[in-house]
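Number of protein chains: 2
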Amino acid sequence: MRNILIIGAGRSATSLIMYLLEKSGAEDFRLTIGDISKKNAEKITQGHPNATGIELDVFNEDQRKKAIQGADLVISMLPARFHIEAARDCIAFNKHLVTASYVSKEMQALDEEARKKGLVFMNEIGVDPGIDHMSAMQVIDRIRDKGGKMLLFESFTGGLIAPESDNNLWHYKFTWNPRNVVLAGQGGAAEFIQEGTYKYIPYHRLFRRTEFLDIDGFGRFEAYANRNSLKYRSVYGLEDVLTLYRGTMRRVGFSKAWNMFVQLGMTDDSYTIPNSEELSYRQYVNLFLPYSPTDSIELKTRHALKIDQDDLMWYKLLELDIFSAEKMIGLKDATPAKALQKILMDKWTLKQDEKDMIVMYHKFGYELDGKKKQIDSNMVSIGEDQTYTAMAKTVGLPVAMAALRILNKEITTPGVQIPITKEVYEPILKELTTFDIVFHEYQTEYLGYNPDNVSA
Amino acid sequence: MRNILIIGAGRSATSLIMYLLEKSGAEDFRLTIGDISKKNAEKITQGHPNATGIELDVFNEDQRKKAIQGADLVISMLPARFHIEAARDCIAFNKHLVTASYVSKEMQALDEEARKKGLVFMNEIGVDPGIDHMSAMQVIDRIRDKGGKMLLFESFTGGLIAPESDNNLWHYKFTWNPRNVVLAGQGGAAEFIQEGTYKYIPYHRLFRRTEFLDIDGFGRFEAYANRNSLKYRSVYGLEDVLTLYRGTMRRVGFSKAWNMFVQLGMTDDSYTIPNSEELSYRQYVNLFLPYSPTDSIELKTRHALKIDQDDLMWYKLLELDIFSAEKMIGLKDATPAKALQKILMDKWTLKQDEKDMIVMYHKFGYELDGKKKQIDSNMVSIGEDQTYTAMAKTVGLPVAMAALRILNKEITTPGVQIPITKEVYEPILKELTTFDIVFHEYQTEYLGYNPDNVSA
Numbered sequence: 001m002r003n004i005l006i007i008g009a010g011r012s013a014t015s016l017i018m019y020l021l022e023k024s025g026a027e028d029f030r031l032t033i034g035d036i037s038k039k040n041a042e043k044i045t046q047g048h049p050n051a052t053g054i055e056l057d058v059f060n061e062d063q064r065k066k067a068i069q070g071a072d073l074v075i076s077m078l079p080a081r082f083h084i085e086a087a088r089d090c091i092a093f094n095k096h097l098v099t100a101s102y103v104s105k106e107m108q109a110l111d112e113e114a115r116k117k118g119l120v121f122m123n124e125i126g127v128d129p130g131i132d133h134m135s136a137m138q139v140i141d142r143i144r145d146k147g148g149k150m151l152l153f154e155s156f157t158g159g160l161i162a163p164e165s166d167n168n169l170w171h172y173k174f175t176w177n178p179r180n181v182v183l184a185g186q187g188g189a190a191e192f193i194q195e196g197t198y199k200y201i202p203y204h205r206l207f208r209r210t211e212f213l214d215i216d217g218f219g220r221f222e223a224y225a226n227r228n229s230l231k232y233r234s235v236y237g238l239e240d241v242l243t244l245y246r247g248t249m250r251r252v253g254f255s256k257a258w259n260m261f262v263q264l265g266m267t268d269d270s271y272t273i274p275n276s277e278e279l280s281y282r283q284y285v286n287l288f289l290p291y292s293p294t295d296s297i298e299l300k301t302r303h304a305l306k307i308d309q310d311d312l313m314w315y316k317l318l319e320l321d322i323f324s325a326e327k328m329i330g331l332k333d334a335t336p337a338k339a340l341q342k343i344l345m346d347k348w349t350l351k352q353d354e355k356d357m358i359v360m361y362h363k364f365g366y367e368l369d370g371k372k373k374q375i376d377s378n379m380v381s382i383g384e385d386q387t388y389t390a391m392a393k394t395v396g397l398p399v400a401m402a403a404l405r406i407l408n409k410e411i412t413t414p415g416v417q418i419p420i421t422k423e424v425y426e427p428i429l430k431e432l433t434t435f436d437i438v439f440h441e442y443q444t445e446y447l448g449y450n451p452d453n454v455s456a
Numbered sequence: 001m002r003n004i005l006i007i008g009a010g011r012s013a014t015s016l017i018m019y020l021l022e023k024s025g026a027e028d029f030r031l032t033i034g035d036i037s038k039k040n041a042e043k044i045t046q047g048h049p050n051a052t053g054i055e056l057d058v059f060n061e062d063q064r065k066k067a068i069q070g071a072d073l074v075i076s077m078l079p080a081r082f083h084i085e086a087a088r089d090c091i092a093f094n095k096h097l098v099t100a101s102y103v104s105k106e107m108q109a110l111d112e113e114a115r116k117k118g119l120v121f122m123n124e125i126g127v128d129p130g131i132d133h134m135s136a137m138q139v140i141d142r143i144r145d146k147g148g149k150m151l152l153f154e155s156f157t158g159g160l161i162a163p164e165s166d167n168n169l170w171h172y173k174f175t176w177n178p179r180n181v182v183l184a185g186q187g188g189a190a191e192f193i194q195e196g197t198y199k200y201i202p203y204h205r206l207f208r209r210t211e212f213l214d215i216d217g218f219g220r221f222e223a224y225a226n227r228n229s230l231k232y233r234s235v236y237g238l239e240d241v242l243t244l245y246r247g248t249m250r251r252v253g254f255s256k257a258w259n260m261f262v263q264l265g266m267t268d269d270s271y272t273i274p275n276s277e278e279l280s281y282r283q284y285v286n287l288f289l290p291y292s293p294t295d296s297i298e299l300k301t302r303h304a305l306k307i308d309q310d311d312l313m314w315y316k317l318l319e320l321d322i323f324s325a326e327k328m329i330g331l332k333d334a335t336p337a338k339a340l341q342k343i344l345m346d347k348w349t350l351k352q353d354e355k356d357m358i359v360m361y362h363k364f365g366y367e368l369d370g371k372k373k374q375i376d377s378n379m380v381s382i383g384e385d386q387t388y389t390a391m392a393k394t395v396g397l398p399v400a401m402a403a404l405r406i407l408n409k410e411i412t413t414p415g416v417q418i419p420i421t422k423e424v425y426e427p428i429l430k431e432l433t434t435f436d437i438v439f440h441e442y443q444t445e446y447l448g449y450n451p452d453n454v455s456a
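For the record, the sequence lines run as chains U and W.
Going letter by letter, the first sequence gives residues 1 to 456 in our numbering.
Going letter by letter, the second sequence gives residues 1 to 456 in our numbering.
Keep in mind the hints are simulated off the structure, nothing from the lab.
Only a predicted model underlies this, so the values are computations on that prediction, with no experimental measurement involved.
Any given hint could turn out to be false.
Which copy is meant is left open, because identical chains are indistinguishable; a pair holds if it fits in one copy or across any two.
Within a straight-line C-alpha distance of at most 27 Å, the following computed DSSO-like cross-link-like pairs (lysine-lysine) qualify [what the hints assert, rightly or not]:
hint	residue 1	residue 2
1	K256	K347
2	K256	K409
3	K371	K430
4	K256	K300
5	K316	K306
6	K66	K355
7	K306	K256
8	K231	K338
9	K332	K231
10	K422	K347
11	K39	K372
12	K347	K66
13	K116	K306
14	K117	K327
15	K256	K146
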C-alpha cells in the first residue's frame, strides 16, 4: 500500500492531515505522521485507521532514514532550515518531496539529482509562497497566451484577524509566528521597480510608504513593501516589466501605528537590555525616551512621536497597557524586539473562539492589441476555528493536493520545482475553490502608478 | 644609536614625524620611516640627517621583521587592523610599541607577554581616543584625590572646519576619512546612561536627539550620541556614575540636515544600486522617492522630508547640486552611501588654503563635601595648513611624546596600556600646551540632566 510520510505535526499541519485522511480510503494510501513528540503525532491521527503516529526527530539519522525508506512521498512541515536533512534522504531512497518553504540554496543544489532520478521535489506550495505563485501565474500565462505583454505586477498577502473577531484598535492579532511580525521588514531596504525606475525604502520609512487596497465585502486594507520584490522578475519571467512590487497587507492604520515602535527603536533585535526581566512596561518605554527630571513618560512619548491630543494613535498605545508600572517584561536578556513581543502577546493572542483571515491581492497590468489594460484579482479565506485556521487551510491544502497528485503521477515534472506551471496550478487552484479559496477578478483600465489619474 | 621605527607615513603622521625629527638631535636617536611607498617615506624625511625612509609592506614578513629588529621602539600609524602583525614581532624581538588606535582583542591578548618582558605597548594615544582619555582622567583623578564622588561624565569630540574656512551652509567639510563620516552612527542603537537610566537611540533618530554645547570664542556646537558610551564605565572606573554619555560634535544645524540623508536611506551601505555609474545625482535622489507620473523630484523631496518653503534645509540640499541632471555618480556597483560620499566630496573637500579644527568638550559632575558640583572643560585646536592639520597635530603629537618618554624610560609600566595613568597624562598634557593644545576649565553648579533648571 502507498504511504505518505508527514514530518512535523504542528499548527500548520491540521488541514493538510485532515484532507489526506479523508482521501486515504478512496485513493488507497496510508499516512505516517512523524513528530518529535510521539503523543502529538498520535493525537493528530485521531485514531484514523489509515494513519500511524510515530516519534521522529529529524536529526536522529536512524529514525529519519527508516521513516523515509518506508514512504513513497515525504511532506516536510518542519521549519525551512530543517528540510534539507529529509531532502537528501529522499534523493538516496528515491522518494518524492513536498514542502511549503522557499527553495534554499541547499535544496536547489539537489535539482540535477532529483531530475535524473525522476523525483518531484515540490516547494513553495503553501499560501505565500504557494497560492500567490499559482494564482499569479494563472493570470500571467492567460495574458501571454492571448499575445499580451506584461507591464505591471503587484502582489500582496496578509495574515489577519477575521472581521468577526476584529475587536481592537489595531485591527490586528497574532495569527502566526509573533516574532516574524515584530521583525518584519528588517535586514535591509525594501527594493522594487515602479514604471521602470528602481525604488528603495529604508526600514524606518517602510511603514509610512503604504498604499491602499479595497476588497469587495471586506473594505479597505493597506500594504507595505516586502524586501525582495525583484527576485520575482526571473521566477515569473517578468524581466521587462515596468512595475514589480510585493507587499504585506494590514488593516488601515496598522502600519502608521506600528511605525511608532519602529521610530522609538523598540523593534531592534540586535542588543540585549540589562536587567530586562526587572523592567516594567513603563520603564521599558522610558529606555527609548530622553531623560527628564520632571516630565511624564506619557508626555515624552507624545512629544517624541508628535502625537496630538486628538490622535487615535495614543489610544492604540494605551490599549496595550504599554505605560503600566505594574506589568513586567519578565524576560532575561531580552532584546527590545523580544520585550515588545511580550507586551503585544498580552493583547494580540487569539482567544479560543476567534478566527483568522488570509487576504491576497494581485494587480496585473498589460498591453494587448495596442491597448493598456489591467486585471485586479483577490482572495479572502476565513478560518473555521483555532484548529482549522485560514493559515492552516491555505498553507496545508495546496501541499496536500500537490502531494496526492504527485503520488498519483498527475504531476510528474522531475527536479526541484515551484508551482508556476499549468500542470500544477490549474488542477490545484480548481480544487481549492471547493474549499472556498476563490480568486475574484476585475478587469479595469490600466491604472499603473497613477491610480488617482493625477495630471501635472 | 637608538632608533624609532614609524610604520605608515600617511596624512596623520606629519606632525608626529616633524616633532620627532626636531627632537632627534638633542635626544640622540634616529628615525626610520617605513611606508609601502619608498618614495613617500623618503619624501617625508625631508632629507633630515637623522631620518631614513625605507620601503615597508607590513605583510612582507622579511621586510617587517628586519625593520622591527633594527628598532628600539615601533610606532604603527597603519589602519588599526594592521597593527597586530607589528605587535607580534615587537613581542618576539623585545621592542616597545605605540599606536593611536583602540586596543583590539588580539592586541589585548599580548598583555601578559608584554608585561613579562617589560615592554610598554601604549595604544589609544591619539586625539580620540587619546587626548580625550588623558584630559578626562586628569580631572577625574583630581576630583577623586579630593575625596569627590563622580556622578556624571559626558565627553564630546569633533573634527570640523576652522571658522576662517567655514563657508558653506552645512558648516562642515571632510577633514578626515569621508567614508567614516557618511557611515557614522550605523551598526546598532547608541546606548548610554542618564541619571541612572539606560537610554537607547536608534540610528534613524540619532541625528535629531542632539544637545548644544558652547565654547567661549567659538560659539555654539551640537553633539549626537556615539554608539559605545558604556564601555568607558570600566575604563575610567565609573561603575557607579549616574550619567555617562559620549558624543560627536558638529556645528549647529548639521545633524538635522544630515538626518535628511538618513531618512531617505542614502547612507545605507548594505546593497548596491544597479547601473549606479550611469545615474545622475537627480536620478540617484529619485531612487528614494515614490514614483510619480507628474511631480518633480524637488517637490517629492520637500514632501517626503516635510521641508517648508522657508526652510534653510532646502538650500543645504541645493548647495550640494544634489538635483543636478548633469552630474553623474560615475561609480560602478555603488551603495547609496558611496554615491552620497561622491556627491558630498564635490563640495566638502578642503581646498589648499583651508584649515581644519578639532574641538573637545567634557562635563564632570561630582559630589564633594555633600555638595553637587560640575566642571566643564574644553579644548579647540586649529590646523596650520593642509599638512600640519589639527587632526595630524592632535593625533601625532601625543603619540610622539609618549614614544620619546618610553624610549627615555620615563613611561615604564609594562603591558598593553592606554593613557589613563598620571605617569602618562601629566607630562604629555603639559607638553601639549606648548603646542596650543590647551584645556580650559569652568567650575559650575551641578546641572546634571536638567541644565535649563526646569521644574514640574
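Going down the list of hints, with the structure as the test:
1. For a Cα distance limit of 27 Å, the shortest separation of K256 from K347 inside one copy, 19 Å, qualifies, whereas the shortest one across copies, 37 Å, does not.
2. When the C-alpha separation of K256 and K409 is checked against a cutoff of 27 Å, the pair qualifies neither within a copy, at 49 Å, nor between copies, at 64 Å.
3. With identical chains, the CA atoms of K371 and K430 are never at most 27 Å apart, being 30 Å at best within one copy and 81 Å at best between copies.
4. Proximity of K256 and K300 under a CA criterion of 27 Å is satisfied in both settings, with 19 Å inside one chain copy and 20 Å between copies.
5. With identical chains, the CA atoms of K316 and K306 are at most 27 Å apart both within one copy (14 Å) and between copies (25 Å).
6. Taking the shortest alpha-carbon separations for K66 and K355, neither the intra-copy value of 38 Å nor the inter-copy value of 76 Å comes in at or below 27 Å.
7. Both within a single protomer and between protomers do K306 and K256 lie at most 27 Å apart by alpha-carbon distance, with minima of 12 Å and 17 Å respectively.
8. Taking the shortest Cα distances, K231 and K338 sit within 27 Å of each other only across copies (24 Å), while inside one copy they are farther apart (30 Å).
9. Within a single copy, K332 and K231 get their C-alpha atoms only as close as 38 Å, which misses the 27 Å cut-off; across copies the closest is 21 Å, which meets it.
10. Taking the shortest Cα distances, K422 and K347 never come within 27 Å of each other, neither inside one copy (43 Å) nor across copies (57 Å).
11. With identical chains, the CA atoms of K39 and K372 are never at most 27 Å apart, being 58 Å at best within one copy and 66 Å at best between copies.
12. Taking CA atoms no more than 27 Å apart as the test, K347 paired with K66 passes in neither setting, with 44 Å inside one copy and 69 Å between copies.
13. Taking identical chains as interchangeable, the C-alpha atoms of K116 and K306 are never at most 27 Å apart, the minima being 62 Å within one chain and 59 Å between chains.
14. With identical chains, the CA atoms of K117 and K327 are never at most 27 Å apart, being 58 Å at best within one copy and 56 Å at best between copies.
15. For the identical chains of this complex, K256 and K146 are neighbours neither inside a copy (41 Å) nor across copies (54 Å), given an alpha-carbon limit of 27 Å.
The structure fails to meet hints 2, 3, 6, 10, 11, 12, 13, 14 and 15 from the earlier list, while all remaining hints are met.
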